[in-house]
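Undergrad: In case you want the letters, here they are:
Protein chains: 2
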Amino acid sequence: MGNQTIYFKKQPRIIATSTIAGPKECEGVIGRYVETALADDMFGESTYEKAECKMLSHVIDGAIANAGFKREEIDCIVSGDLLNQIISASFAARDFSVPFLGVYGACSTMAESLAVGAAFINGGLMHRVVAATGSHFASAERQYRYPLELGCTRPPQAQWTVTGAGAALLSDKGDGIKITAATLGKVVDFGVTDVNNMGAAMAPAAADTILAHFRGTKEEFEAYDLIVTGDLGALGSRILKDLTWEKGLDISERHVDCGEIIYNVIEDEYQGGSGAGCSAVVLNSYLYSKMLSGALRRILFVATGALLSTVSSGQGESIPCIAHAVVLER
Amino acid sequence: MGNQTIYFKKQPRIIATSTIAGPKECEGVIGRYVETALADDMFGESTYEKAECKMLSHVIDGAIANAGFKREEIDCIVSGDLLNQIISASFAARDFSVPFLGVYGACSTMAESLAVGAAFINGGLMHRVVAATGSHFASAERQYRYPLELGCTRPPQAQWTVTGAGAALLSDKGDGIKITAATLGKVVDFGVTDVNNMGAAMAPAAADTILAHFRGTKEEFEAYDLIVTGDLGALGSRILKDLTWEKGLDISERHVDCGEIIYNVIEDEYQGGSGAGCSAVVLNSYLYSKMLSGALRRILFVATGALLSTVSSGQGESIPCIAHAVVLER
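The listed protein sequences derive, respectively, from chains A and B.
For what it's worth, my numbering labels the leading residue of the first sequence as 1, then goes sequentially.
For what it's worth, my numbering labels the leading residue of the second sequence as 1001, then goes sequentially.
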């Protein structure tokens, strides 16, 4: 139809959230809003992957409990993560006797799972859905780059994968933050091949979706208090602002990137945070709280994902990326 | 709600399909119904992974063309595959300027993508969606087991990953096969740890979803001409029949497994076919044709997936599995 935006007229809403994050993540400003602060990123488990899975399971349970529901009242869990075969999500879902839809959008997963969950609720097919994702610095490094034990030097354009997870409970009833629309992204590839420069790879996808959103909805830019991207980091955010500015949309005044704000001193983590857990933690803690309090009334949440694998990079492919946007309103 | 079944009252329909398969797959009975028979499973590419991606891209384009549409008339591609970070689906989607939702359900992907696509159409959010998946024997062996060059012996309980892909074009208008309901599966883990015995691991998930379907819909077993499972293979199918029989449902007369029928001589491939491409090829070629001709009028299509990774198996985990079911009617 040429219009990538879908409208949820029944306004499915996020009636509760839950978040967890590691020690480094909880040092920053966002950390004060995180529900469960981990003192140790192993979370009592024997491997990083099991810790990542346990975080995801923890926030899914947390969102259900915070909404005052029981597991058996949930119609579906929509979740995914960065690990091969999304084992964190699949193994977390094993703990719940609830239908499960696995999704994969790399770091765009929070927006993708919100959009899919909202679609099922909007159509009257389900009443309550949990949308959740997370990531772990150590499991991501091991899988995508090098095991930590190698002690590799990180290049200046690198980002730091967030250790954390976030979940949102979507419902057709109750008070909360409404999901009124979503703009589903196309796969965009600008030919970036540097696997340490995710921000540069993902920025064109974010720009594409944001521009498609404003083109399709014919909304004014001022209709939003904030345009929040997922994990472009400092460099990626600059590229995004340039790309949208070139197309006549100056988002700089109202743009914030979760990767830029999650750590206390961004320079310590080079370009800032990344990973599916980055936008999941910031959205479901800080942003959700600011929306509930009325400090933010309408935001465009644009999570971005880099759809590469070690095999695709090894075979000389560039990095295709995607960004999905959801409109959140008080 | 305790009921895992959702009903698509607007009856989104499959108005066209497209399939492709490798030389071995096209030797069997199903092969006669496959649209594009490959003479060489490299499909003109330099790597197995690129061949897998090209197959997927080929059938997505095929389904769009067979329905008489152009790419720009498609609202969304819902797709996933078995490779890490679903690179086949993501890279295939890069060829299309169409919104993309990546899903991961291992070999259950065909049913999952049909259910997600049908939900978006049923809710009036989209008009036309392509649901697609595929797999490649050589890329799956390399990723999950051993590179072919090692020449490892296969154990008797093993299955053979299908080289092939299938796509279905779902629409809110037009003639075709209606998708009237879906039963979304829960993650089920019976503790199987043998990564060569997917049939045994997945059979309990298939039984769980089939039983949930009949419990939730209160339908008679006779309402279906066929109950089709995705890729349990010969051994897994026997286990499924036993598990459902124990619960008072004898499906043996009307059950067929795509993995059991795709190869000419099943014994040559041990327990038969597997992989996301297995049920995708059989559904979108043979079964779709039989439904269009009226030979089959109502089927329950139950695709099953094993949600393991090499990391989870290496860390001593058992194999969680899932099965999603969709009701297809003439």
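Warning: the hint list may mix true and false statements.
Covered, in the sense of this in silico footprint (three residues per stretch, anywhere, with C-beta under 8 Å from a C-beta of chain B), are these stretches of chain A [to be verified]:
id, region
1, 84 to 96
2, 99 to 107
3, 120 to 130
4, 306 to 313
5, 316 to 322
Lysine-lysine pairs mimicking PhoX-like chemistry, simulated, CA-CA at most 25 Å apart [what the hints assert, rightly or not]:
id, chain 1, residue 1, chain 2, residue 2
6, B, Lys1010, A, Lys173
7, B, Lys1173, A, Lys10
8, A, Lys10, B, Lys1010
9, A, Lys10, B, Lys1009
10, B, Lys1173, A, Lys9
11, B, Lys1173, B, Lys1218
12, A, Lys70, A, Lys178
13, B, Lys1009, A, Lys173
14, B, Lys1010, A, Lys9
15, B, Lys1009, A, Lys9
16, A, Lys70, A, Lys10
Label pairs and their calculated CB-CB ranges [said to hold, decoys possible]:
id, chain 1, residue 1, chain 2, residue 2, range
17, B, Leu1148, A, Gly316, 46 to 56 Å
18, B, Pro1155, A, Gly316, 31 to 41 Å
19, B, Trp1245, A, Ser97, 21 to 31 Å
20, A, Glu149, B, Tyr1007, 26 to 36 Å
21, B, Phe1221, A, Asp194, 18 to 28 Å
22, B, Ser1313, A, Thr310, 13 to 23 Å
23, B, Ala1039, A, Ser97, 42 to 52 Å
24, A, Ser97, B, Tyr1146, 43 to 53 Å
25, A, Phe221, B, Asn1003, 42 to 52 Å
26, B, Tyr1146, A, Glu149, 48 to 58 Å
27, A, Thr36, B, Pro1147, 38 to 48 Å
28, B, Pro1156, A, Thr193, 36 to 46 Å
29, B, Asn1003, A, Gly316, 28 to 38 Å
30, B, Arg1154, A, Glu149, 32 to 42 Å
Hints are computed from structural coordinates only; laboratory data are not their basis.
Every residue gets a Cβ at the ideal spot worked out from N, C-alpha and C, and that includes glycine.
Undergrad: Now, for every hint given, state plainly whether the structure supports it.
TA: Hints and how they fare:
1. Coverage of the region 84 to 96 of chain A by chain B holds in this model, with 9 residues showing a Cβ closer than 8 Å to a Cβ of that chain against a need of three.
2. Check result for the region 99 to 107 of chain A against chain B: holds, 8 residues qualifying (beta carbon to beta carbon below 8 Å, three or more required).
3. Here's how the region 120 to 130 of chain A fares: 7 of its residues keep a CB closer than 8 Å to some CB of chain B, so the rule of at least three is met and the hint holds.
4. For a cut-off of 8 Å, the count of residues in the region 306 to 313 of chain A with a CB near a CB of chain B stands at 6, and the three-residue condition holds.
5. Only when three residues or more bring their CB closer than 8 Å to a CB of chain B does the claim for the region 316 to 322 of chain A stand; here the count is 3, and the claim holds.
6. Distance hint between B:Lys1010 and A:Lys173 is fulfilled; the C-alpha atoms sit about 23 Å from each other, no more than 25 Å.
7. For the given pair, B:Lys1173 sits about 23 Å from A:Lys10 by alpha-carbon distance, which is consistent with the 25 Å threshold.
8. The hinted pair formed by A:Lys10 and B:Lys1010 meets the criterion: a straight-line CA distance of about 17 Å does not exceed 25 Å.
9. A hinted pair counts as satisfied when its Cα atoms are at most 25 Å apart, and A:Lys10 with B:Lys1009 qualifies at roughly 17 Å.
10. Simply put, B:Lys1173 and A:Lys9 have alpha-carbon atoms about 22 Å apart, close enough for the 25 Å limit, and the pair holds.
11. Between B:Lys1173 and B:Lys1218 the CA atoms are separated by roughly 29 Å; this puts the pair beyond 25 Å, and the hint is violated.
12. Simply put, A:Lys70 and A:Lys178 have alpha-carbon atoms about 22 Å apart, close enough for the 25 Å limit, and the pair holds.
13. Pair hint B:Lys1009 plus A:Lys173 holds up; C-alpha atoms about 22 Å apart against a cutoff of 25 Å.
14. With a C-alpha separation of about 17 Å, the suggested pairing of B:Lys1010 with A:Lys9 holds against the 25 Å cut-off.
15. For the given pair, B:Lys1009 sits about 18 Å from A:Lys9 by alpha-carbon distance, which is consistent with the 25 Å threshold.
16. As the CA atoms of A:Lys70 and A:Lys10 are separated by approximately 24 Å, the hinted pair is consistent with the 25 Å bound.
17. Roughly 21 Å separates the CB atoms of B:Leu1148 and A:Gly316, a value that falls outside the hinted 46 to 56 Å.
18. Checked against the given bound of 31 to 41 Å, the beta carbons of B:Pro1155 and A:Gly316, roughly 35 Å apart, stay inside it.
19. One distance hint, 21 to 31 Å for the beta-carbon pair B:Trp1245 and A:Ser97, holds here, with the actual separation near 23 Å.
20. For the pair A:Glu149 and B:Tyr1007, the supplied restraint of 26 to 36 Å is violated, since their beta-carbon distance comes to about 52 Å.
21. Evaluation of the 18 to 28 Å hint for B:Phe1221 and A:Asp194 yields a failure: the beta carbon distance comes to about 57 Å.
22. For B:Ser1313 and A:Thr310, the hinted distance range of 13 to 23 Å is satisfied, since their beta carbons lie about 18 Å from each other.
23. Checked against the hint of 42 to 52 Å, the C-beta distance between B:Ala1039 and A:Ser97 comes to roughly 47 Å, which is consistent with it.
24. The hinted range of 43 to 53 Å is not satisfied by A:Ser97 and B:Tyr1146, whose Cβ atoms lie roughly 35 Å apart.
25. Between A:Phe221 and B:Asn1003 the CB atoms are about 44 Å apart, so this pair conforms to the stated range of 42 to 52 Å.
26. Here the CB-CB span from B:Tyr1146 to A:Glu149 is close to 26 Å, at odds with the stated 48 to 58 Å.
27. Between A:Thr36 and B:Pro1147 the beta carbon distance is about 42 Å. The supplied range of 38 to 48 Å therefore holds.
28. Our hint of 36 to 46 Å for B:Pro1156 and A:Thr193 holds, since their Cβ atoms are close to 44 Å apart.
29. In this structure the supplied range 28 to 38 Å is violated for B:Asn1003 paired with A:Gly316, their Cβ-Cβ distance being about 49 Å.
30. The given range of 32 to 42 Å is respected by B:Arg1154 and A:Glu149, whose C-beta atoms sit roughly 34 Å from each other.
Checked against the numbered hints given earlier, the structure breaks hints 11, 17, 20, 21, 24, 26 and 29 and satisfies all the rest.
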